[in-house]
Each structure stands twice: as C-alpha cells, then as structure tokens.
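> Input sequences plus hints: build the corresponding full structure.
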Amino acid sequence: MPSRSGSRGRRPRPAPEVAAPTAVQVSSSGSSEEGSDEEEEEGSEGSGDGARSPGGSASKYKAAESEAEAEDPCLPSCPICMVAWTADGSHRVSCIPCGHVYGRHCLEMWLLQYGKKKAPCPQCGKRYTQNNIINLYVPEIVVPNNDLEKQVLSLRERNEYLEKQQAKLLEEIKEHKRQIMLQQNIIYESNKKRQRVTEQSSDGILGAELIASHTKDIDHNNLSSFALQNEFLVDGARVMGIDASSQIILTSGRAHGVSAEHILTKVSMFHGHGMEKIHLPPDTKAIRDICVLPGGHVVFASLGRKLSIFSMATNNVVLQYDLPAPGWSCSGDYTTSSHIYAGLQVTACY
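Just so you know, UniProt numbering puts the end of the sequence shown at 350, numbered straight through with nothing missing.
Hints should not be assumed to be uniformly reliable.
[Said to hold, decoys possible] Restraint ranges, calculated between C-beta atoms of paired labels, are given here: (1) Ala-255 to Arg-196: 43 to 53 Å; (2) Leu-153 to Glu-189: 17 to 27 Å; (3) Glu-231 to Asn-316: 24 to 34 Å; (4) Glu-189 to Ala-255: 32 to 42 Å; (5) Ala-313 to Ala-255: 16 to 26 Å; (6) Asp-88 to Gln-151: 26 to 36 Å.
[What the hints assert, rightly or not] Each computed BS3-like pair below joins lysine-lysine, with the alpha-carbon atoms no more than 25 Å apart: (7) Lys-164 to Lys-150; (8) Lys-164 to Lys-177; (9) Lys-174 to Lys-164; (10) Lys-177 to Lys-192; (11) Lys-285 to Lys-266; (12) Lys-126 to Lys-116; (13) Lys-266 to Lys-277; (14) Lys-177 to Lys-266.
Hints were generated in silico from the structure; no laboratory data involved.
Glycine included, C-beta positions come from ideal geometry on N, C-alpha and C.
Next up, the structure:
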C-alpha cells in the first residue's frame, strides 16, 4: 500500500466525460487509487472539524442525506439552486462520483464556498474534487408527471360522457320535432277539410251524410296518428287545458289531506316525470273551465266567483277578477290579448 506522502505527490487523473441516458448512475474507477487518500483525509479533516464543533458536520450531512431520500428522485432542476439544468453552458447537467446530479456551476461554487480542494456532496456528504465533476451528455431530460396523465384520463372520460349526453339530447330533439311536424300536418289537414266543409255547406250542396263522412275521416286520421305514451294519476281532475306550443298539460284537481284544497296540476310532455302541484288562492274554489291563451298565460273560471289569469312562467296567479256569480266557462279572444270572456252559472256572459 502506497504511503500517504506518495499518494499526495501523484498527479490526479483528469475526469472523463461520458454520455449517459436521463437516469444516470456513475461510478468512477479512475478515482480508486485516490479513494483511500480521500477517506484518510476525510477522517483527519472530520476529526478536526469534530474537535472544533462536535457533531456539527456529521449531523449536517446526515440531515441532508435524509432530506434527499425523502424527496422525489426525479428532480426537474438542480437540487442546489432549484434552477432547471441545461444541455450545455456553465450550468450544464453534471454528476460527481457518488452518483448525484447537479448543475456544473453549482458544484464549482460549492467547492469555492468551502475554500478547499475537496467539498462534500450536498446530499450524501461524500467528498469530491474539481476533477471529479463529470459532464453528462443527455439528448433530453424528461421528468414523468403522473398528475398530468391522470388529468388527461379524467378529461377523456368526461368528454366521452358529454358526447353520449349530447347524442341522447339530439335524438330527443329530433323526436320532438318529428312529433310537432306531425301534429302541425294533422291540424293543417283538419282545418283544410273543415274549411271545405264550411264552403260547401254555405252553398247548400253538402248534406248531413257528407258532414258525417268528413268528420269520420278526420277522427280516423287523428286516431291513427297518436299512441299512448304515458299515464298520470291526478286526484279529483275535472277540466284540462293543453298548451301545444310549450307541450304542457294543465288539469284541475284536489290536494291530499283534510283541507283538500283545489290545485292545478302542471304536466310537461317533454319529461315523463315533470309534474308540478300548484296551490291556488284559498277563495278560488273548484275550477270549472280552463282556456290556454297565447304568450304563456292561462285563464280559468271557478265556483269561487273568480276569473283568474295564470302565468305558466312563474306558476302564479297574476290577475284575478271578481264575478257576480260562480264562473262556469271561459274563453279568450285570439285576435287580441286584451279581451277574455266568462260564462256564469246564471246563464250570463261577463
């Protein structure tokens, strides 16, 4: 075994520059001869430092090593300055014989800070020299990010769900449009036949048999164009009104309980379970007739001597008129929205 003075007189070998992949593990065989000298110097310097400050440097190195083990081994930047590595330049990615990777500039500044030819590794405490710094030639430094992958998978699943929901809604819209067009065609054909019947009746040509024949054809067409889709249970239903433009059905009824107050039941034909129970003012009493008006309003006459205008947008009675007698029927003027009519129980029109 060479003596200490002989190893100190030997000129150190220059550190080679090697190319390595992203994950690098470096072992320095060229420094094997210097290993015993370094260990001896570490022992002597460590004992000297311990004499000056007991347990100071050793505890610092152990604390740095434990913190390094607790961190993620795939660091995106230099562990000393926390600045991203570069492929070349003063802060190029480099390593030391212990295998830890830093920026070259940080390793050199670390040596200057200690003011010695050797400085400890910031993570494990093993000493290195200027010649031990090895440049790493890596084509690209990539740090895996599992959080981004999870986020992409989550967004992909959400996108698939939204696409399915969109396709389902588009199919429902097509079906509703088809039903509306079918109803419009039926109404158009019925009005056309009714107009023809009226014209022929005014000329005195059409008799009772022809009227019955046309009525039978209209009823047959209507029956063949509709099918039962759903049923709703409504307690105490008396009268019903249909808003074809909004696909809403309104029926009168009574609520459950001891009071059994009179209510309106609002059913949406777009949604199978879109049923709402709407409470009316206590003096309304039983509804005798319902008439749907343009603009989302409904007028109904009740036995409480009230003629009420109901808003389907707010589900509230917006206007109420007092009648001289219980209301029996009601209607609206479709040419103007400012006139409504009520038939009274005493055979009078109001």
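> Indicate, hint by hint, whether the structure satisfies it.
For each hint, the structure was consulted:
1. Ala-255 to Arg-196: 43 to 53 Å: holds (47 Å)
2. Leu-153 to Glu-189: 17 to 27 Å: violated (55 Å)
3. Glu-231 to Asn-316: 24 to 34 Å: For Glu-231 and Asn-316 the Cβ distance comes to about 28 Å; the hint holds.
4. Glu-189 to Ala-255: 32 to 42 Å: Holds - the Cβ-Cβ distance for Glu-189 and Ala-255, about 41 Å, lies within 32 to 42 Å.
5. Ala-313 to Ala-255: 16 to 26 Å: About 23 Å separates the Cβ atoms of Ala-313 and Ala-255, which means 16 to 26 Å holds.
6. Asp-88 to Gln-151: 26 to 36 Å: holds (33 Å)
7. Lys-164 to Lys-150: Roughly 21 Å separates the two Cα atoms, so the pair holds.
8. Lys-164 to Lys-177: holds (20 Å)
9. Lys-174 to Lys-164: holds (15 Å)
10. Lys-177 to Lys-192: holds (22 Å)
11. Lys-285 to Lys-266: holds (18 Å)
12. Lys-126 to Lys-116: Holds, because 14 Å separates the two Cα atoms, which is no more than 25 Å.
13. Lys-266 to Lys-277: holds (7 Å)
14. Lys-177 to Lys-266: Judged against 25 Å, a Cα distance of about 22 Å means the pair holds.
Comparing the model with each numbered hint stated earlier shows that hint 2 is the single one that does not hold.
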